[in-house]
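Generate coordinates for the entire structure from the input sequences, incorporating the hints supplied.
For the record, the sequence lines run as chains A and B. Under the numbering used here, the residue at position 393 of the first sequence is numbered 469, and the numbers go up by one with no gaps. Under the numbering used here, the residue at position 172 of the second sequence is numbered 241, and the numbers go up by one with no gaps.
Calculated from the structure, these hints are not laboratory results. Be aware that a few hints might be false.
Listed next, the in silico PhoX-like pairs over lysine-lysine satisfying Cα-Cα at most 25 angstroms (straight line) [what the hints assert, rightly or not]:
{"hint": "1", "chain 1": "A", "residue 1": "Lys313", "chain 2": "A", "residue 2": "Lys256"}
{"hint": "2", "chain 1": "A", "residue 1": "Lys290", "chain 2": "A", "residue 2": "Lys204"}
{"hint": "3", "chain 1": "A", "residue 1": "Lys256", "chain 2": "A", "residue 2": "Lys246"}
{"hint": "4", "chain 1": "B", "residue 1": "Lys296", "chain 2": "B", "residue 2": "Lys102"}
{"hint": "5", "chain 1": "B", "residue 1": "Lys192", "chain 2": "A", "residue 2": "Lys667"}
{"hint": "6", "chain 1": "A", "residue 1": "Lys667", "chain 2": "B", "residue 2": "Lys291"}
Listed here are the chains, written in short residue letters.
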Amino acid sequence: METLRTLPGDDVRQIMWRFADRFDLQMLVQSTRAVARSVAARLVADGQRTTHEWTAEKASLLTAMDGAGVTSMFLEPKYGGYIEGPKNLAMSLTAFELAWVDGGAATCALASDLALAPINEKGTEEQKDFVFPNICPPQPGEDREIWRGAFALTEPLPYVGVDTGVLVGKVRVAEWEEGKEPMLQVDKRGRFITNMEFANFVTAAVASDDPRIKSSCIILLLKDDEGSWDPGAPTKKLVHQLSATNDPVLNVKVPASRIIGGYTVKDGVIVPNVSHSDAIASVFTRTRIPVGVMTSAKLLSAVEPVIRYQRQRFRGGEAAQPGSPRYELGLQMNEDPCHRLVDVWATGEAGASLGFETSRICDRFDALEKGKEALLHSQGISGVRAEAKALKAVQDKALAYLAEVGKPDGDAAIIADAEADVLVQFLVHHAMTGVLIPSCKLWNTGFGATMMREAVSLMGGYGITEDCPGFLGMKWMDAQLEATYEGPESVQRRQLTTTIDQPVFLALCRNWTAELKAIAADRPATGAGALAASMDLWMWALDYLTKSKDPQGKPLFHAKRQGVSFAMADAVAWLMAARCQLLDVLELEAKGPENPVVADGLEGTVQFFMDLFTVHAARTAGEVGRIVAELVLGYLQPEGDAASLPEWETYCNLRCAVEARLAGCRLAKDRAAHAVTQVMIPEALDYPQ
Amino acid sequence: MSQPYHIVVCGSIVPDPLQTLEPALGPAGWGLKNELQLPAVLDPWVAHALFEAANLAKQVPGSKVTLVSLGPKAKLQQVMMQVAQKAPFELVVRDGPAGGFVDAAEVAAVLAEAVNSIPGLDKSRLLLFGGWQSASRGAGATLQILGELLGITEQFQGVDLCQVQGDSLLIKERIEGGSYLVSELANPPAVLGWATGSLPEPPNNPQVGMQNMRLVMPALQKAQPAKVGAEGVTYAAVELPRQRRETRVVKDVPVDDIAREIADWIRS
Ligand SMILES: Cc1cc2nc3c(=O)[nH]c(=O)nc-3n(C[C@H](O)[C@H](O)[C@H](O)COP(=O)(O)OP(=O)(O)OC[C@H]3O[C@@H](n4cnc5c(N)ncnc54)[C@H](O)[C@@H]3O)c2cc1C
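Now the structure itself:
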């Protein structure tokens with residue numbers, strides 16, 4: 077039987093992750109990869125991770141990224157960039173390539189995008205013109221210092237961390253002469269601020285400490301501003317040593333025009349146009365996805381070193397003569413190491429698929445968000461409440477549209493009309509991103525970190541040495557930081573709690589389930605059926621938990637009841653990842669034949685990826701089933717009879733439907749494990765160890 | 070100052086040398102196992118030639134560089150995502166096989182036709198660059214045959230340096246024993262088969278890449294198929310070179326020790 081012949085190359089990935097027609101992105105991938113596998117890898121191999129100080133050697137990474145276009149990737153061409161339009165997919169691909177070698181290097185690149193994001197998303201045109209041209213590395217003949225940024229939200233203990241609502245960083249009016257621009261005094265202490273060591277500008281979150289300034293804002297601070305600028309001591313972190321992290325103490329005087337998004341003066345009070353929470357919500361919307369992608373890159377990067385280790389384990393020993401299974405297959409003679417590697421690989425695939433799909437949706441969402449803002453503005457609608465009301469008014473249209481989309485012969489006129497309606501499309505995409513982004517950040521990093529441990533274990537004792545090829549041990553610990561910064565798992569679960577029960581998302585879920593059932597009907601041997609049945613089970617459970625109470629009469633699904641809501645959030649993240657994984661395999665199957673390179677051996681490649689999906693879908697079904705079972709049954713009185721559950725029969729049917737569709741999933745795993753023993757790998761890892 | 074040159078660099082792709090390269094007999098004849106699926110790179114010898122060409126073009130204003138490539142165009146396109154970032158050039162493509170088992174004369178014939186098809190090519194200013202060997206087949210014949218077909222009799226092989234000297238060019242060719250043959254070329258046209266040259270690989274520059282792609286993509290799209298192979302040739306035996314790469318990873322070893330070890334190995 078045809079099986080995977082070589083490790084998937086760029087041609088395959090470009091199709092699966094849908095950038096086969098984006099040459100700008102393909103070039104970005106190549107140039108970022110070159111930085112990752114040379115400069116970054118060299119730094120790790122040379123032991124630069126053993127110090128938390130920011131050394132001259134580490135700083136060479138910045139120069140390399142400047143030269144390779146990583147630094148200017150975030151900019152529009154008019155500011156010196158080379159990628160036009162939204163940059164979510166671009167950021168994710170950059171993060172993927174860098175994290176393939178080192179998560180800290182990836183963070184080093186992303187942190188500057190994070191610093192720029194508030195300006196990009198909410199800044200005025202003047203602010204963009206002021207900052208962006210300085211980000212671009214100097215061109216030949218130019219003599220200027222490149223601007224490097226840090227984003228300062230998190231504050232020292234016991235203040236801003238997970239709960240970003242309460243800020244201690246303060247802004248006051250320093251001087252305000254009649255008819256002139258007010259000067260503001262900003263006092264901000266940060267904790268764990270990436271890039272701070274060398275940043276010459278900071279976008280800082282601060283709250284008003286002055287009756288003449290309203291609420292809070294993000295404000296731009298420059299190193300040359302009057303006052304004190306102390307980057308602070310390096311954080312003694314155990315991870316991501318190729319990025320610089322410090323606890324800065326900043327106290328500077330800046331003009332009010334530095335308030336990101338500008339301000340208006342109302343009755344003698346400076347009113348920032350954008351509050352700090354609005355700005356960070358919109359920033360994190362974009363920057364959390366690449367973090368999720370980073371952990372998935374680590375898992376996928378582990379495949380090649382693990383296979384090489386397994387196959388070569390007994391070579392050189394007397395019992396392993398060339399040609400013997402012991403020599404050729406090494407540890408792969410055993411079933412378990414192959415099965416476990418398949419699990420690692422499947423997790424990496426699912427996470428990457430989820431991350432890239434979410435990035436692509438965000439690229440579309442960027443335009444829709446701007447379209448929505450322009451439209452509402454033209455209708456004279458402004459303010460959070462007025463906007464929410466206007467959007468609520470189109471929710472029914474969005475639901476009607478999704479209902480038609482979900483039918484095999486949906487009304488074409490209704491669909492076309494809604495597809496041309498910016499507000500409807502905004503709502504639909506908003507519902508998707510509201511679930512997909514936190515799912516990606518939560519699941520990719522959280523479960524990814526767990527599976528990274530598995531990858532390390534496959535290397536035996538070698539895995540936790542500095543010599544481990546692919547730096548797997550370091551990647552394992554790094555994954556934990558990825559699960560933490562930009563909002564740890566609890567923040568993602570909290571966000572999911574508010575988005576997973578929204579009607580538009582549930583309508584989407586119903587359509588996706590129907591789609592999966594159609595796919596399963598065509599391909600009964602895949603995990604599509606189990607996934608569809610798990611979605612059914614999850615949706616039923618959400619409905620049941622929402623309307624049910626515990627023996628004390630307290631509601632079960634409730635934001636405050638994290639024991640229920642967080643678990644349901646975890647379950648949805650599993651489902652989203654598996655669905656995206658399947659869609660990517662189907663894309664490869666559909667588009668592969670058009671590319672002669674991919675067409676060669678396509679059957680085996682698709683079969684292998686489908687098997688990985690099936691393995692993962694089975695695991696997903698197990699997780700969702702476990703979570704739902706605990707939640708639905710776990711709040712019954714222990715002395716009661718489970719069968720007294722009001723919807724016992726429905727529950728049993730739904731669970732049985734899932735289990736029935738697990739048929740064949742271990743056969744898929746066996747096939748994938750066999751492929752792992754057959755696939756050709758390069759002679760040597762293409763970066764130093 | 071010298072008149073502008075038109076530097077035509079001939080070269081194609083080879084499988085990434087880090088990959089496992091295993092000869093295999095397929096339905097279309099000999100090739101490498103899974104050759105199409107292996108990641109490819111620009112033939113390293115050609116890469117040297119291209120970087121040298123770009124450098125020369127920069128020094129003589131008005132000069133331009135054209136890369137002429139015979140290779141499977143889908144793979145070539147992939148490699149261009151990297152190569153196009155390195156230096157500005159135009160691309161001419163012929164779509165066909167580019168492995169170690171195609172006949173040098175057939176390849177040269179296709180390349181000659183492709184070079185002749187370059188619009189507005191002034192042969193009197195032509196510098197034909199390429200690798201003196203190829204990483205897929207070290208016959209060292211293709212470029213020489215190509216030169217003959219194009220009627221270019223000034224040929225230099227194993228070139229490590231090509232330096233502008235007023236109107237002429239100073240060229241250093243490798244000869245035995247680590248010595249160089251130094252020549253002065255008064256006028257083009259000439260063929261230069263490059264050894265490693267002396268320039269480092271230029272850094273990636275996606276901006277240059279984006280500019281190049283505006284010409285590279287259409288060139289790939291209109292690439293004409295070329296029939297090359299080794300018809301009539303039978304291979305009595307095909308095997309990997311016996312020399313094995315023995316990579317050893319060492320840390321913290323002083324340079325002197327490494328040098329001593331290499332010297333000992335050569336002596337033995
Ligand atoms: C290397 C590194 C780089 C960083 N870079 C930056 C940067 O550039 N800019 C920046 O602003 N920040 C940065 N951070 C800070 C990072 O974002 C925070 O560490 C992170 O958001 C968690 O905050 P905390 O550490 O204060 O945890 P805490 O807020 O103390 O939370 C600890 C844990 O308590 C639990 N918890 C807390 N609140 C809740 C709740 N409401 N519900 C449920 N559970 C809860 C969760 O388990 C949580 O993980 C960085 C951190 C590190 C380590």
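Output the indices of the hints that this structure fails to meet, ascending. Going through the list in order, the structure violates hints 1, 5 and respects the others.
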